[in-house]
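Number of protein chains: 2
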Amino acid sequence: MKFCSICSTALEFKIPPSDSRKRAVCPCCETVHYVNPKIVVGTVPVWKEQILLCRRAIEPQYGLWTLPAGFMEIAETTTQGAVRETLEEAGVQVELKGLYSMIDVPHIQQVHLFFKAELLDLAFNPGNESLEVRLFSPKDIPWDKLAFVTVHKTLKWFVSEQDTGHYHLHVDVVDLAATPTHLVL
Amino acid sequence: MKFCSICSTALEFKIPPSDSRKRAVCPCCETVHYVNPKIVVGTVPVWKEQILLCRRAIEPQYGLWTLPAGFMEIAETTTQGAVRETLEEAGVQVELKGLYSMIDVPHIQQVHLFFKAELLDLAFNPGNESLEVRLFSPKDIPWDKLAFVTVHKTLKWFVSEQDTGHYHLHVDVVDLAATPTHLVL
Numbered sequence: 001m002k003f004c005s006i007c008s009t010a011l012e013f014k015i016p017p018s019d020s021r022k023r024a025v026c027p028c029c030e031t032v033h034y035v036n037p038k039i040v041v042g043t044v045p046v047w048k049e050q051i052l053l054c055r056r057a058i059e060p061q062y063g064l065w066t067l068p069a070g071f072m073e074i075a076e077t078t079t080q081g082a083v084r085e086t087l088e089e090a091g092v093q094v095e096l097k098g099l100y101s102m103i104d105v106p107h108i109q110q111v112h113l114f115f116k117a118e119l120l121d122l123a124f125n126p127g128n129e130s131l132e133v134r135l136f137s138p139k140d141i142p143w144d145k146l147a148f149v150t151v152h153k154t155l156k157w158f159v160s161e162q163d164t165g166h167y168h169l170h171v172d173v174v175d176l177a178a179t180p181t182h183l184v185l
Numbered sequence: 001m002k003f004c005s006i007c008s009t010a011l012e013f014k015i016p017p018s019d020s021r022k023r024a025v026c027p028c029c030e031t032v033h034y035v036n037p038k039i040v041v042g043t044v045p046v047w048k049e050q051i052l053l054c055r056r057a058i059e060p061q062y063g064l065w066t067l068p069a070g071f072m073e074i075a076e077t078t079t080q081g082a083v084r085e086t087l088e089e090a091g092v093q094v095e096l097k098g099l100y101s102m103i104d105v106p107h108i109q110q111v112h113l114f115f116k117a118e119l120l121d122l123a124f125n126p127g128n129e130s131l132e133v134r135l136f137s138p139k140d141i142p143w144d145k146l147a148f149v150t151v152h153k154t155l156k157w158f159v160s161e162q163d164t165g166h167y168h169l170h171v172d173v174v175d176l177a178a179t180p181t182h183l184v185l
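Chains as they are written, first to last, in my numbering: chain A, 1 to 185; chain B, 1 to 185.
Since the hints were made in silico from the structure, they are not lab data.
Note that the structure is predicted; figures quoted are calculated from it, not measured.
Ideal Cβ positions, reconstructed from N, Cα and C, are used throughout, including at glycine.
Hints are not guaranteed to be accurate.
Unchecked claim - Derived pair list, reagent style DSSO-like, types lysine-lysine, alpha-carbon separation capped at 30 Å:
#: 1; chain 1: B; residue 1: K153; chain 2: B; residue 2: K139
#: 2; chain 1: B; residue 1: K139; chain 2: B; residue 2: K48
#: 3; chain 1: A; residue 1: K156; chain 2: B; residue 2: K156
#: 4; chain 1: A; residue 1: K97; chain 2: B; residue 2: K156
#: 5; chain 1: A; residue 1: K38; chain 2: B; residue 2: K14
#: 6; chain 1: A; residue 1: K14; chain 2: B; residue 2: K38
Unchecked claim - Pair by pair, the computed Cβ-Cβ distance ranges are:
#: 7; chain 1: A; residue 1: P138; chain 2: B; residue 2: P138; range: 27 to 35 Å
#: 8; chain 1: B; residue 1: E59; chain 2: A; residue 2: R134; range: 46 to 54 Å
#: 9; chain 1: A; residue 1: F136; chain 2: B; residue 2: E59; range: 48 to 56 Å
#: 10; chain 1: A; residue 1: E132; chain 2: B; residue 2: P17; range: 40 to 48 Å
#: 11; chain 1: A; residue 1: I58; chain 2: B; residue 2: M1; range: 21 to 29 Å
Isolated chain A (complex conformation) (with noise of 0.2 Å):
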């Protein structure tokens, strides 16, 4: 971020007045222009015992699987959110059940919210996005050829609570140190 968005004069970066952090300040029309962490919004969509997975279209990730998820959208709430991207990434219709995790990725500024959610029908087809949609036993999860660290997690708390049909809210933190280098974003 260079220049003012409002008034395109070039911008400074320094502490304005009753803040305490740097941020980009527009020296002619005064703006400040804060930046701040994007929600991802997704589904971990059932039917019976499966969950299903989409296999990534588009980079990063290309061929990979994942939950269907992306970016939340103003004038949108997350669930409405997390439902479009289902329909957008795999052309089906869920209903959710609930908020299952919410997990921090602060090296790339998100987070990541899944919402337990149930298939409808199961007459889903690949989006633009996506180049393969299709249910997976929790046995067959392609765990060394998923996508996301976010997905990966949610998965395997998901898989291991389908045993109990208790499943909980999960808050957690992307540990950058910890992660497998072909699951980061």
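Following the hints, put chain B in place on chain A, whose structure we already have.
Frame of chain A, contents of chain B only:
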């Protein structure tokens, strides 16, 4: 947003290739300037039966009472942000006890997260953004002088669950049409 923050060229508003929404796109450097909702993080800080509130020293809602909360910063986690905001606004350290509410506020493009928290001591004192910080017994909460609808919702749930001692996560959406005018941000 009128100019590219990377190269200062006047932006165009159009649907980028492989997208379905209008975005601010730079015709010169081709950067797509996405705009996404922001996260507000805060706490419900308790000491035995009492709840800590801060009286706002800044606009909006100057002079009204709020739970300590503010915008999540980059390079921090949601929990770190909630602890930081509590320290900045109330001058006190807390120990978090889990996510308590997640409330979408789509008309201002925000998602508010409140964590249950226990005060580690009683040496609180107002930061720059607070006129006053004090503990309230549930029956004394100033319901008609609360600053924000998400604070009102979270406190209502919390106080009603204090009777039973059984707290659970609340996921909700602010419905602008159903909100008393004085509570709208």
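Structure-based check of all given hints:
1. B/K153 <-> B/K139: It holds: about 16 Å lies between the C-alpha atoms, which stays within 30 Å.
2. B/K139 <-> B/K48: holds (14 Å)
3. A/K156 <-> B/K156: Given pair A/K156, B/K156 is violated - Cα atoms ~35 Å apart, limit 30 Å.
4. A/K97 <-> B/K156: holds (23 Å)
5. A/K38 <-> B/K14: holds (22 Å)
6. A/K14 <-> B/K38: holds (22 Å)
7. A/P138 <-> B/P138: 27 to 35 Å: The hinted range 27 to 35 Å is violated for A/P138 and B/P138, with Cβ atoms some 44 Å apart.
8. B/E59 <-> A/R134: 46 to 54 Å: holds (53 Å)
9. A/F136 <-> B/E59: 48 to 56 Å: holds (52 Å)
10. A/E132 <-> B/P17: 40 to 48 Å: Because 22 Å falls outside the window, the suggested range is violated.
11. A/I58 <-> B/M1: 21 to 29 Å: holds (25 Å)
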